[in-house]
Amino acid sequence: MTSVFENIGLVFIRLFEQTGLWFRMLWRTMVWSVRPPFEIDAWFRQMVRVGVESVPVVFLTTMFTGMVFALETYTGFHRVHAENYVGSAVALAMLRELSPVLVGLMVTGRIGSSMAAEIGTMRVTEQIDALKALATEPVQYLFVPRVIAGIVMLPFLVILGDALGIGGGYLVAVKLLGANGVIYQNNTFQFLQIKDLWTGVIKAGTFGLILTLTGCVRGYYTTGGAEGVGRSTTQAVVSASLIILLTDFFLSKMLL
Amino acid sequence: MNPNDGEVIISVQHVDKFLGGKPVLRDLSIDVRQGESLVIVGGSGQGKSVTLKHMIGLMQPDEGHVYVLGEDMCCLEARELNRFRQHFGMAFQEGALFDSMNVFENIAFPLRRHTEMTEEQIRTRVRECLEQVHLHGVETKRPSELSGGMRRRVGFARAFSLRPEILLFDEPTTGLDPVISDVIADLILEMDSTLNSTTVSITHDMKVAFKIADRVAMLYNGHIVEQGTPYEFQQSSNPIVRQFIEGRAEGPLTE
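Chains as they are written, first to last, in numbering that gives the first Met the number 0: chain Z, 0 to 255; chain L, 0 to 254.
It should be emphasised that the hints constitute simulated quantities derived from the structure, not laboratory data.
Heads up, a few of these hints could be off.
Interface residues of chain Z toward chain L, partial, derived using beta-carbon atoms under 7 Å [unchecked claim]:
#1 I12
#2 E16
#3 G19
#4 Q126
#5 D128
#6 A129
#7 K131
#8 P137
Bear in mind that the values here come from a model prediction, so they are computed numbers and not experimental data.
Don't be surprised by glycine CBs; every beta carbon is placed ideally from N, CA and C.
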């Protein structure tokens, strides 16, 4: 009986420990991001890696989501004779919710995992110790360029995703289901507010921070060789995805 | 040189360290003097690497103090600690080269970050460092293309590229064949005399230890059980030291 309570307690202790560690590393990343030297080259390299190289994944994910969303809503809305609102529904859902969350999760799988594996390997092969021994702060050299790249590039990916999702929805509704193109276009933008775009962009920046920092922190605290690197990679993806989904709810509530 | 000459530049005082709840260092005290070559020997898991990491501030003691050049390493802020670490060069066990960079970039890394040298000066300095470790034409190779011995030598070159006063060698010959081990030992001796720095090495290879040391210290159970010149060390009557030198399976070490 005691062991059950002990285990529950341990789970909570670990949770609090990890949360504390995450915020501590966030603070250290912030502090080191304003200290010279600024590794502009590294920042750009990471931006290309996070942003440019993720375009194909974002393209496919958001476009098909827009398409399937239009398909399903059209069928549903048709039953209540509200086909005219399909465009609005697709645009609102993409901008506020689907594009940021899907892009966040996809980039977590692509980038969060690779950052955890990369930094984790550096840890187990003593390259992190070597950085320190060469009088270089690992948080500044490794974390800062990656986290900045996440915060800067995710909004661009999400805006791209918005456009592709709306475009995909248009294609399905107009070309496949025979909706009127002009009416669909008008309806798409009729109820949109600039706030909806901002909501998505703010979410994107936040998710960019979460997925890169989680990847870096998990990699940085890797122990136990190749197996440990594998564990860190999995943990990075799982915890970043969970944090993104939790944060998404609270951000949506705040930014209504 | 006489090991008792020279001022103390690293002083480890009564250090206790626990890792994962287990004691690794217990009341460890040892001094390193200016210009000497100290070799710390001991079996696997006796805390040799941990001792070395305390000296450069990669680990902090749970109890006790580590003074380097008179400064207590525990109480330095991150930026001060980084400035302090420029006094050190550390060569890691497997080299710990950055595998995202080639050999040239690895050695140039500290030069680019901590000096105002021009690209031309950096190129010259990197070539000098590689010559010092007898390597030629490997600048554009990736660490993964090098053999174990070469990786270590590049690691040495990177460690002393800033001309540090103190060089630390973590198991410089472990996993190398006896010939390459001897080459590496010669190299350390050579660096010791030409760079005129203080070196601390850890190893369990007694042949290498006797070759490069001015003073040998044996670490057992987290503290120093014996130290002296290589000659004194070889004459020691301490059963722990005798068993280790002679490499016997029976004795106090294995009880």
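Hint by hint, here is what the structure shows:
1. I12: 15 Å, violated
2. E16: 15 Å, violated
3. G19: At about 19 Å, which exceeds the 7 Å cut-off, the nearest Cβ of chain L leaves the hint on G19 (chain Z) violated.
4. Q126: With Cβ-Cβ at 5 Å, under 7 Å, it holds.
5. D128: 5 Å, holds
6. A129: 4 Å, holds
7. K131: Check passed: Cβ of K131 (chain Z) comes within 6 Å of chain L, closer than 7 Å.
8. P137: Check failed: Cβ of P137 (chain Z) comes no nearer than 10 Å to chain L, outside 7 Å.
Checked against the numbered hints above, the structure breaks hints 1, 2, 3 and 8 and satisfies the rest.
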